[in-house]
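Trainee: Protein sequence lines, in the order shown, are assigned to chains E and B. Our numbering numbers the first residue of the first sequence as 5 and each following residue consecutively. Our numbering numbers the first residue of the second sequence as 26 and each following residue consecutively.
Just so you know, not all the hints are guaranteed correct.
Claimed, not checked - With the Cβ distance kept under 8 Å, some of the chain B side facing chain E (calculated, not the full set): (1) 66; (2) 694; (3) 697; (4) 737; (5) 809.
Think of the hints as simulated: they come from the structure by calculation, not from any bench. This structure is a prediction, so every number in the text was calculated from the model and none was measured. We treat Cβ as the ideally placed atom computed from N, Cα and C, and that holds for glycine.
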Amino acid sequence: MASLDIKARSASTSPAPSARSTLEIAKMVDVSRCIGCKACQSACMEWNDLRGSVGTNDGFYTNPADLNDQTWTLMRFREEEINDSLQWLILKDGCFHCEDPGCLRACPAPGAIIQFSNGIVDFQQDACIGCGYCIAGCPFNIPRLRKEDSKVYKCTLCSDRVAVGLGYAQAAVYDPKGVGGTHVVMVLPHGDRPESYGLPAHPRVGPALALWRSGLARTAGVVTMFGVLVAGILHYMRHGPLEVPEEKKEG
Amino acid sequence: VAGLAPTFGRGAMTNHWVDIKNADVVMVMGGNPAEAHPCGFKWVIEAKIKNKATLVVVDPRFTRTAAVADVYAPIRAGSDIAFLAGLANYLLQKDLVQHEYVKAYTNASYIVRQDYGFDDGLFTGYDEAKRSYDKTTWAYELDKDGFAKVDETLQDPRCVYQLLKGHFSRYTPEKVEEICGTPKAQFLKICEIVGSTSSPAKVMTHLYALGWTQHSQGSQMIRTMAMIQLLLGNMGMPGGGMNALRGHSNIQGLTDLGLLSHLLPGYLTIPTEADTDYATYLEKRIPKPLRPGQMNYLSNYGKFFVSLQKAWWGAAATKENDWAFGYLPKIDGGYDVLRVFENMAQGKMNGYICQGFNPLASFPDKAKLIKALSSLKFLVSIDPLATETASFWENHGEYNDVDPATIQTEVFRLPSTCFAEEDGSLVNSGRWLQWHWKAADPPGDAKGDQEIVGELFTRIRDLYRKEGGTFPDPILNLTWAYKQPASPSPEELAKEFNGVALADVPDPKDPTKFLAKEGEQLPGFGALRDDGTTASGCWIFAGAWTQNGNQMARRDASDPTGLGATGGWAWAWPANRRILYNRASADPAGKPWSPKKKYMTWNGAKWVGPDVPDMRPDAAPQENVGPFIMNAEGVARLWAPGLTDGPFPEHYEPFETPLARNPIGTKVLSNPVARVYPSDREKFGTAKEFPYVATTYRLTEHFHFWTKHTRIGAVLQPEQFVEISEGLAKKKGIANGDRVVVRSKRGKITAKAVVTKRMPTLKAGGQEVETVGIPIHWGFLGQARKGYLTNTLTPTVGDANIQTPEYKAFLVDIEKAPAGQA
Numbered sequence: 005m006a007s008l009d010i011k012a013r014s015a016s017t018s019p020a021p022s023a024r025s026t027l028e029i030a031k032m033v034d035v036s037r038c039i040g041c042k043a044c045q046s047a048c049m050e051w052n053d054l055r056g057s058v059g060t061n062d063g064f065y066t067n068p069a070d071l072n073d074q075t076w077t078l079m080r081f082r083e084e085e086i087n088d089s090l091q092w093l094i095l096k097d098g099c100f101h102c103e104d105p106g107c108l109r110a111c112p113a114p115g116a117i118i119q120f121s122n123g124i125v126d127f128q129q130d131a132c133i134g135c136g137y138c139i140a141g142c143p144f145n146i147p148r149l150r151k152e153d154s155k156v157y158k159c160t161l162c163s164d165r166v167a168v169g170l171g172y173a174q175a176a177v178y179d180p181k182g183v184g185g186t187h188v189v190m191v192l193p194h195g196d197r198p199e200s201y202g203l204p205a206h207p208r209v210g211p212a213l214a215l216w217r218s219g220l221a222r223t224a225g226v227v228t229m230f231g232v233l234v235a236g237i238l239h240y241m242r243h244g245p246l247e248v249p250e251e252k253k254e255g
Numbered sequence: 026v027a028g029l030a031p032t033f034g035r036g037a038m039t040n041h042w043v044d045i046k047n048a049d050v051v052m053v054m055g056g057n058p059a060e061a062h063p064c065g066f067k068w069v070i071e072a073k074i075k076n077k078a079t080l081v082v083v084d085p086r087f088t089r090t091a092a093v094a095d096v097y098a099p100i101r102a103g104s105d106i107a108f109l110a111g112l113a114n115y116l117l118q119k120d121l122v123q124h125e126y127v128k129a130y131t132n133a134s135y136i137v138r139q140d141y142g143f144d145d146g147l148f149t150g151y152d153e154a155k156r157s158y159d160k161t162t163w164a165y166e167l168d169k170d171g172f173a174k175v176d177e178t179l180q181d182p183r184c185v186y187q188l189l190k191g192h193f194s195r196y197t198p199e200k201v202e203e204i205c206g207t208p209k210a211q212f213l214k215i216c217e218i219v220g221s222t223s224s225p226a227k228v229m230t231h232l233y234a235l236g237w238t239q240h241s242q243g244s245q246m247i248r249t250m251a252m253i254q255l256l257l258g259n260m261g262m263p264g265g266g267m268n269a270l271r272g273h274s275n276i277q278g279l280t281d282l283g284l285l286s287h288l289l290p291g292y293l294t295i296p297t298e299a300d301t302d303y304a305t306y307l308e309k310r311i312p313k314p315l316r317p318g319q320m321n322y323l324s325n326y327g328k329f330f331v332s333l334q335k336a337w338w339g340a341a342a343t344k345e346n347d348w349a350f351g352y353l354p355k356i357d358g359g360y361d362v363l364r365v366f367e368n369m370a371q372g373k374m375n376g377y378i379c380q381g382f383n384p385l386a387s388f389p390d391k392a393k394l395i396k397a398l399s400s401l402k403f404l405v406s407i408d409p410l411a412t413e414t415a416s417f418w419e420n421h422g423e424y425n426d427v428d429p430a431t432i433q434t435e436v437f438r439l440p441s442t443c444f445a446e447e448d449g450s451l452v453n454s455g456r457w458l459q460w461h462w463k464a465a466d467p468p469g470d471a472k473g474d475q476e477i478v479g480e481l482f483t484r485i486r487d488l489y490r491k492e493g494g495t496f497p498d499p500i501l502n503l504t505w506a507y508k509q510p511a512s513p514s515p516e517e518l519a520k521e522f523n524g525v526a527l528a529d530v531p532d533p534k535d536p537t538k539f540l541a542k543e544g545e546q547l548p549g550f551g552a553l554r555d556d557g558t559t560a561s562g563c564w565i566f567a568g569a570w571t572q573n574g575n576q577m578a579r580r581d582a583s584d585p586t587g588l589g590a591t592g593g594w595a596w597a598w599p600a601n602r603r604i605l606y607n608r609a610s611a612d613p614a615g616k617p618w619s620p621k622k623k624y625m626t627w628n629g630a631k632w633v634g635p636d637v638p639d640m641r642p643d644a645a646p647q648e649n650v651g652p653f654i655m656n657a658e659g660v661a662r663l664w665a666p667g668l669t670d671g672p673f674p675e676h677y678e679p680f681e682t683p684l685a686r687n688p689i690g691t692k693v694l695s696n697p698v699a700r701v702y703p704s705d706r707e708k709f710g711t712a713k714e715f716p717y718v719a720t721t722y723r724l725t726e727h728f729h730f731w732t733k734h735t736r737i738g739a740v741l742q743p744e745q746f747v748e749i750s751e752g753l754a755k756k757k758g759i760a761n762g763d764r765v766v767v768r769s770k771r772g773k774i775t776a777k778a779v780v781t782k783r784m785p786t787l788k789a790g791g792q793e794v795e796t797v798g799i800p801i802h803w804g805f806l807g808q809a810r811k812g813y814l815t816n817t818l819t820p821t822v823g824d825a826n827i828q829t830p831e832y833k834a835f836l837v838d839i840e841k842a843p844a845g846q847a
């Protein structure tokens, strides 16, 4: 995608180009129709040439157990009795492509995270410094650090396919306002309880990140100075950026 | 299919995938299409969205199909007949029956012989020593013309309708709860939903698969639902039907082409020892008409058979030599795979050719199979994958603990192509023959199956030519006119199935015209003749490759009525008909049952609508030609003497049952006519030793034993597991993710435990019943983690009609694996 189409860029102050605009896009996942077949998870691996290791069964249908650098789309399975009726809640987990992306705000590496004018938030691994701030900044706990190359990976919303006019490799509306809306729209059969699917009820970009973005990106010196501080705050908020929160370990 | 053919006349999915969208109620029982048929399941979702359809799921497990259902009810594995008989009883008691349909299109009014009866679990004519029925009494009362007597008022106590009411009256909601463990309230809720489709304006489709066929009474489970669909008037209707979802791509094509041991192509049957000549053979296969004026389509059997013989032996099949009837083998009994492996285990077989088939993984009692394969001199495996069967002699530690030094079987592996590496047609569940085109070359030395068989055949023929033999004629005279004899092309074979005119075939309606001129491809099976002027390799496929070319390759998706009857898309047998028995979509006068459900109607001169009529096109309603044209009655059979185990379904327990007695209250515990070999009976376990019900099944992430060979499949579902309830886990001290040992009388496996609310604990027969769910997909080869073949555990006993093994209900014990086996 041409640089002209980039709307926002991490750790950069230069204004976005505005000579032309692209059509904003969104992916809709209608969970009420989803049967958890994992074809999307498989297609994501096929298209992006991702081949994770053959794992183990730890008592769940969710395989692998969590998102990782080779798994950008993951079907998560949870069981819950709602109004005395057993529900098998199946959710496609992956990046929501927030309108106000916490990862991009948190990222200190210029251009490592970009937001296209069509709404896709994409990681540019060549510019990534592996600090993991994006992981802490993400309200959905999506990005994953690859140990072997110290780069962070996540769903691209098939930016390479969308750029050439192809659709995605995959197939009550959950479109949280706290992140300015998302470019992945979820239809949840039990829309009044997103937590049952493992989704945060009210995700929002942390106040520290708002501060970080608006007031601090003036000079490189200030950025460096406050970076340490913000990292500390984020670490406190998330109990360490690389740990998987307890509520994500489900079946 | 063995439950459908004796009821409706043909053994195949009656409607088709797309048609599911027309349903008002979708019932799934005996299947799990969201997981086993995820792509076709989109039509269920379509019915929910576009038609506000209610999805009902009944299953021992809460499956991914249940996850999107409107109503789910649990059931004890193997008790389906009791549930369905209870459902039928509810409909009959509440009079939720489409009476006009039942009266006109079923044998409800037919009078059954006075000496037919049912008592204490057995029908009349039972021979305990032979474990079979003498079916003499299973017949209608006939009038002086040989036609069945009927009572249109349905009041005669000997009419099928009254016998049916009496037979099912024992299956009360309380009894259903006791037998099946399904809570009465949930059962009644489902009865109400199903009963709502007795209205002509509402239609229910039923979807099932191996969850019904893999029982010792599987055919009868299917039949019970077929009877319910008849009572509700849901057969022949768009959005209705009995929809058998096939478990393999092209397994429909396999049965269509007669690859079962008792069949010839097109469901013609192979002669037996008793069929000493063609006249005897034919006489037994042409049913006598049971009502006046019916099509009794199988009266054309001779045309199909002679055309088949002409396709196979051409000029060598003449009227004088009984159309080469002597060339066909005459079997002395069934040669289903259970019998074949029994014979092999007894050392009665020298060689076995295994084409596209992995029996070591797919058939019951792995220890018996290893013994059987080890006693062969040679085994040939024709397969695109390295199968466990072809590697049965390899030691893979605990997963295949054999001693190769003691096995003398010589194994030949002939690598073949996958579907994407060849042209050809596949027959889907909905009977569509869809042509497909090769996408890639096969790897290495792999060859297409036709080429492998072509080379084998031409070499064998050469040997017969050179060396003679006891009876070389069938081999030497076999028609083999392919451009490259060692490699027949898919196009040549497809044209041969369709059939060709060997001489001009005059049009019987207009002697100045011809249905086909000599050498032309035949337009359909209506042109077949029994005088040797036509050849057709599979009569039901006649019409697939006509003078107009390859009809299977058509891709016109236009659907003017919106009902999914896309007659220009591929080609469906028979005669490009999309919904079977579609004459029944109209009332006896030829008008739609409801304006909302209009499909085929009589326009005063002929049958019209979006489909090909399943009826003589000009048969006026007043001629009273019944819509089930393959049956001698012209109607469908609520009472069906064609099955081996009873004209009505009856609940029997699985051969391994947690219960001590049959809770319906009869003395007969298990299917009294299912075949059991003595050595297999010794290997049945009891509830005392093995207290838990086990059931095996597939998962969405894998296809049988294939996709464990692919990396992505292996990542998505990497390791063998079993599923148990939270209650059983607690009782046995098993935590989620623990390694467990599962034992049956036949062997043991170890696997991870998935402890889940989705495995219900049921109360049945006065006791708690726990179920252990066992997915099948692992083995000792492939990219997924090594696992046990689950058929280490399963028993060797098959359905009484078709010998499909009982994989869905048997007994096991489970415990936490000893430490160190993590």
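Trainee: Check each numbered hint from earlier against the structure, then list the numbers of those it violates in ascending order.
Mentor: 2, 3
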